[in-house]
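From first to last, the protein sequence lines stand for chains V and E.
Here the first sequence is numbered in the working numbering, starting from 987 and rising by one per residue.
Here the second sequence is numbered in the working numbering, starting from 132 and rising by one per residue.
These aren't lab readings, by the way, just hints derived from the structure by calculation.
Heads up, the beta-carbon is just placed ideally off N, CA and C, and yes, glycines get one too.
Worth double-checking, as some hints may not be accurate.
Each pair of labels, with its calculated beta carbon distance range [to be verified]:
| hint | chain 1 | residue 1 | chain 2 | residue 2 | range |
| --- | --- | --- | --- | --- | --- |
| 1 | V | 1068 | E | 262 | 12 to 22 Å |
| 2 | V | 1046 | E | 401 | 49 to 59 Å |
| 3 | E | 385 | V | 994 | 52 to 62 Å |
| 4 | V | 998 | E | 159 | 35 to 45 Å |
| 5 | E | 290 | V | 998 | 36 to 46 Å |
This is what each chain is made of:
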Amino acid sequence: MTPAEIRQVIIDILSKIAPDEDLSNLDDEKPFRDQMELDSMDFLDIVMELRKQYRIQIPEEDYHHLVTMQSTVDYLTPRLKDA
Amino acid sequence: MADGNPNNDRIVITGVGLTSPNGNSLSEFRQNLLAGRSGVVPYETRYMGPVLAGVCDFDTLRHQKRRDLRRGTRVGSVSVYCANEAVLDSGVDWEKTEKDRVGVYLGITEHGNVETENEVYEISKFEYDTSVWTHHHNPRTVANNAAGEVTISLGITGPHLTIGAACAAGNAGFIQAAQMLRLREVDLAIAGGVSESIHTFGIFASFQSQGALARHDDPAKASRPFDQDRNGIVVAEGGGICTLERLDDALARGAKIYGEIVGYAMNSDAKDFVLPDPKRQEQCIRLALKRAGLEPNQIDIVSSHATATEQGDIEECKALRAVFGECTNTRINNTKSFIGHAMGAAGALELLGNIPSFEDDTVHATINLDNIDPDCALDQLVVNHPVHKPNVEYILNNSFGMLGINSVLIVRKFTG
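Produce the entire structure from the sequences given, and follow the hints as far as they go.
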């Protein structure tokens, strides 16, 4: 997948996790949590959805990469390049 | 614990919120009970194919966001809806209410089956890889889930409990609340019974294996307590929740008072996992009457528990005959004939559907009684059509459950 495709995957997951949020103006450089209601259980839903959809296992020590959209896409790009 | 003021041991119902398969408010529910409208419909459940069920269609987004619905459980959603509606209906100034003096007491038949079945089904799509088992499983399946979701929704910081009491649970929620109000543990109780049971295939499959799952070509005719042609239970979901207060508090704020809880009792058969014991049921009814200081003939309406299983109906009728057999004033009806068996919500909904009798001088019927089982042919039964009955003063609500748990609640019309 390309970075753009990965971004769309994350947007789709966020839409499912936070269905009341408007994600159209999401700033890719700002932390998700500063822009939307997202607690630790929601965050785990992102990890879970990636695991279910792409069988990717994200270890806990890597969770800090999933703070902003940009850092998430950067982290996932090499891991999902063949997906 | 008593403070010498008798009004402070008198517990009254001041707000009602409910969702039933045939109504999402007390007025709608009552209207459909009087009109003989069933809420039973064809229903698809996982693995089993088509069954019949009592399904609720309340507005889930009235008091919750879509995010809340995704996070929580169906019974949490039922509870949040009913609790919020009850608080609104009560007229309590919620902003000014001390939230640490509010308690939530919700009766429930079972919990966790729905959520566990859903997750097992989900991981079955991943070759039972448990690493995709949801982290939401535990907060969804803890036994206090339903009441806990209510506290989160309403910002209540007082105690909350779900009371596991099989199908006696609706009454048990009210009883627990009345006790906590009398003990001054809380000043306002949000209490009743709730159920999400139609969302677990297991409850249908288990009743089917027991030979106790109703079927009928016409869904509206499937739930037929006391009828010779009954063939089992229609499983339903729903919720019935009230605000309860001590009488002085209710009077002080000029609250509308639906009725007063004047007697209750709970006991156990200590005998069998599923078969009821009419002697213990009779004892439970008599104990509630004694505590209320009443004779059987003073009861105007008995809301029966009967679920449309042969043995259950007949055994309850033995208890009813023993207590009310000679009563000419008493009328007996059954709400499950309309909505099926709402499990944890049954006792609460069955009481609440009768409460308007205090005002409208009418007793709703037991429907689908086309061919009464001779063993259930009680003279007091209100058959198929409502009857006019002026001056209804006392309603007695039966609610019994598996493992031999019995509960009886008596509510009096409030006249001051």
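Hint-by-hint comparison with the structure:
{"no.": "1", "hint": "V:1068 / E:262: 12 to 22 Å", "verdict": "holds (21 Å)"}
{"no.": "2", "hint": "V:1046 / E:401: 49 to 59 Å", "verdict": "holds (50 Å)"}
{"no.": "3", "hint": "E:385 / V:994: 52 to 62 Å", "verdict": "holds (57 Å)"}
{"no.": "4", "hint": "V:998 / E:159: 35 to 45 Å", "verdict": "holds (39 Å)"}
{"no.": "5", "hint": "E:290 / V:998: 36 to 46 Å", "verdict": "holds (41 Å)"}
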